[in-house]
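Student: The primary structure of each chain is shown beneath.
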Amino acid sequence: MIASSAAARCADWIEATRTAGGYGGPVAHWWRDCLIDCRSGHDWRYEGIVAGYLELHRATGETAWLDRACRAGDDLLAAQAEDGHFSRSLFEQNPGTAGTPHEAAADTALLRLALHLRHDDAEAADRYLASARRNLEHGQIRRLWDADAGSFRDDPGRPSFVPNKACTLLEALFLLAEATQDDRWVRPYAARTADAVLRHQVRRPGHLLDGAIAQNSFGAAVVGKYFPYYVARCIPGLLETARFTGDDRYAEAALAAGRFVVRTREADGGFPQVVYADGRVNRNPRWVAAVGDILRVLDLLAPLGLVFDPGPTKAWLAAGLLPCGAVRTARGFARQGHPNGTADEPPELRDVLPVVGWCDKAFRYLCTSGRHLPAPGPAADVELDCTFLGRPFVCSVGRSGVALRRGRHEVYRWTPGEPWARAEPWLVVR
Amino acid sequence: MTAPPLGLQVGLDVVAPLLAADDRAVLVCSGEPGLERLARPWIDHAVGCAVDRAALGHLLSLYADLPTIERAAARVAPGGAAACFVPGGLAGAFDLLRGRTRPWPGVRPTITILRGAGLRVERVLGIGSPTTAWWAARARIALAIRRPDLADRFELRYRRSLRPHRAPWLADLALVIARRPR
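From first to last, the protein sequence lines are chains E and L.
When you line the first sequence up against the numbering used here, it's residues 895 to 1324, in that order.
When you line the second sequence up against the numbering used here, it's residues 2 to 183, in that order.
Hints are supplied without guarantee of correctness; some may be wrong.
Taking beta-carbon pairs under 7 angstroms as the criterion, some of the chain L residues facing chain E (in silico) [claimed, not checked]: (1) Ala4; (2) Leu7; (3) Gln10; (4) Val11; (5) Val15; (6) Pro18; (7) Leu19; (8) Ala22; (9) Asp23; (10) Arg154; (11) Leu157; (12) Arg164; (13) Pro165.
Computed far set for chain L versus chain E, every beta-carbon distance over 12 angstroms [what the hints assert, rightly or not]: (14) Pro34; (15) Pro42; (16) Pro149.
Rather than coming from a laboratory, the hints here were simulated on the basis of the structure.
All values reported here derive from a predicted model rather than from experimental measurement.
In this text, a Cβ means the ideal position worked out from N, Cα and C, and glycines have one as well.
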């Protein structure tokens, strides 16, 4: 069952991206791209990879999955510096360090490992726990906690708050409290941080944005951008806070956020990139692999009464499975920042570029609720017409990597395992 | 500042694979305080200018002055690369917009120095063009008139305007890549 599933195929692809120090490869994102530096990154990619492998271990009892999870945890241990930070932890802004929410997300991986192993291998569990604790204590709490504002900053140098990042940090702190059986890791922070998230939430019954959570703020100035994907990522932290405090306001806020996300869903199951305060939309690119996160967190809201048919979004995700096992990143990058237009055919390079730090979100979902999904045919490379920077190319995507060429002239190639992609200089963008 | 300016990041993406070749040491020289530290994450085998070795694999110069480039280029090993970031032809105009001036050398003197040190210039690139300032200004204006949707769109165009091109005289930042023959 597992062996022939999309989850197992995806796991094989994820392993194929291993390079010195961990999982590597290019990154495409809304804000920046990191298409050349393909060295291992120690960011939120570990969140879904480890959670997925642990889920497969629970489901099958096969130690091979646990071994992979432990190897991923060991990557993070090796990547941790004296100050607690992980090297190359900025994802699309790599090779920088101290990435938010990336290090907190990596901490959730370490802590899930610690909790999973605490009875069978206490020594290993302690190692992962100590590493996560060091990062959370020194790299997050001491550096980012703003006692006056009662929330975690995004930038230690100025008052700043990003709700989805704070909620990822809360998830990590709740796991740390569970692993240490010590609620001092959450008691001073959880309710105050969740309150800050609630202050960023729109509450206007009947309005399109009701339940939406603003992307960020600088001091008192809230930035009126609402990304459905990032609103969804606020939900687990809010639910954990509701459970811990017994305060229903946080659960109600999570439910409202979920309803906003569902409301923005389009007929084909995809979600727009961003909705602005005035109702304008920049629709593209629409994430494909990342909807694994949305499906997963909306499942959490079912007991609270969220009515949601996951069918169209599951189909949207399934249509993005590539034969090599990876999941395409998005649809519509060619029209990035535009209010409409599908522009799915031909795709842009970054649409079909598989990115470990997006695939892990699909992988985690495929390992749980999506476990029945079959692998998409033989694991062959695919070749398709695509565009990049407004020009037409032929792109091949598969286990051998990603190549972009015009005629016989290859202008970009990323080979899994290689630390750097090769590219013509005029294709180097950020 | 926790990362180099975006244009410099683009340039570092261009040269980092060259400087990673053969796992040899890379001598990093900077004419701007703090820039060397910000660029280090791109370079796996970086060593500072203070390191005294007869020969190193490669050279990365971040706006270093000409005498420094000359001294460092002499230490590039056979087959090693030298990547020198210098102000492009539009740097003076861009600096006016930024409210500062810089005395650093331009492309031509840098090429002369590198050739004099026995290196062969392979490529000269420009990063940032007249449109860079245009898109940055439009993004700011869009924010000022409360159109974050347009600001996001213009910000993307700004990022794209930083892709390397072959006209360093029409660039904010120039990159000279040279190599010592084996």
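Student: Please verify that the nearest CB of chain E lies beyond 12 angstroms from Pro34/L's CB.
Tutor: Pro34/L is indeed farther than 12 angstroms from all Cβ atoms of chain E, at 18 angstroms.
Student: Using 7 angstroms as the Cβ threshold, decide whether Ala4/L counts as touching chain E.
Tutor: 5 angstroms, holds
Student: Classify the hint on Leu7/L as holds or violated, based on whether any CB of chain E lies nearer than 7 angstroms to its CB.
Tutor: 6 angstroms, holds
Student: Any CB of chain E closer than 7 angstroms to the CB of Asp23/L?
Tutor: 13 angstroms, violated
Student: Does Arg164/L pass the interface check with chain E, least Cβ-Cβ distance below 7 angstroms?
Tutor: 5 angstroms, holds
Student: So is Pro149/L really clear of chain E, every C-beta pair being over 12 angstroms apart?
Tutor: Its Cβ does come within 12 angstroms of chain E, the nearest being 6 angstroms, so this is violated.
Student: Taking the closest Cβ pair, is Leu157/L under 7 angstroms from chain E?
Tutor: 5 angstroms, holds
Student: Interface hint check: Pro18/L, Cβ to nearest Cβ on chain E, cutoff 7 angstroms. Holds or violated?
Tutor: 4 angstroms, holds
Student: The output says Pro42/L does not contact chain E. Does that hold with a beta carbon cutoff of 12 angstroms?
Tutor: 4 angstroms, violated
Student: For the restraint on Val15/L, tell me whether the closest CB of chain E is nearer than 7 angstroms.
Tutor: 5 angstroms, holds
Student: May I ask you to test the interface hint for Gln10/L with respect to chain E, counting a Cβ-Cβ separation under 7 angstroms as satisfied?
Tutor: 5 angstroms, holds
Student: Go through the hint on Ala22/L and say holds or violated, using the shortest Cβ distance to chain E against 7 angstroms.
Tutor: Not OK, violated: Ala22/L not within 7 angstroms of chain E, min 10 angstroms.
The structure fails hints 7, 8, 9, 15 and 16 (numbered hints given earlier, in ascending order).
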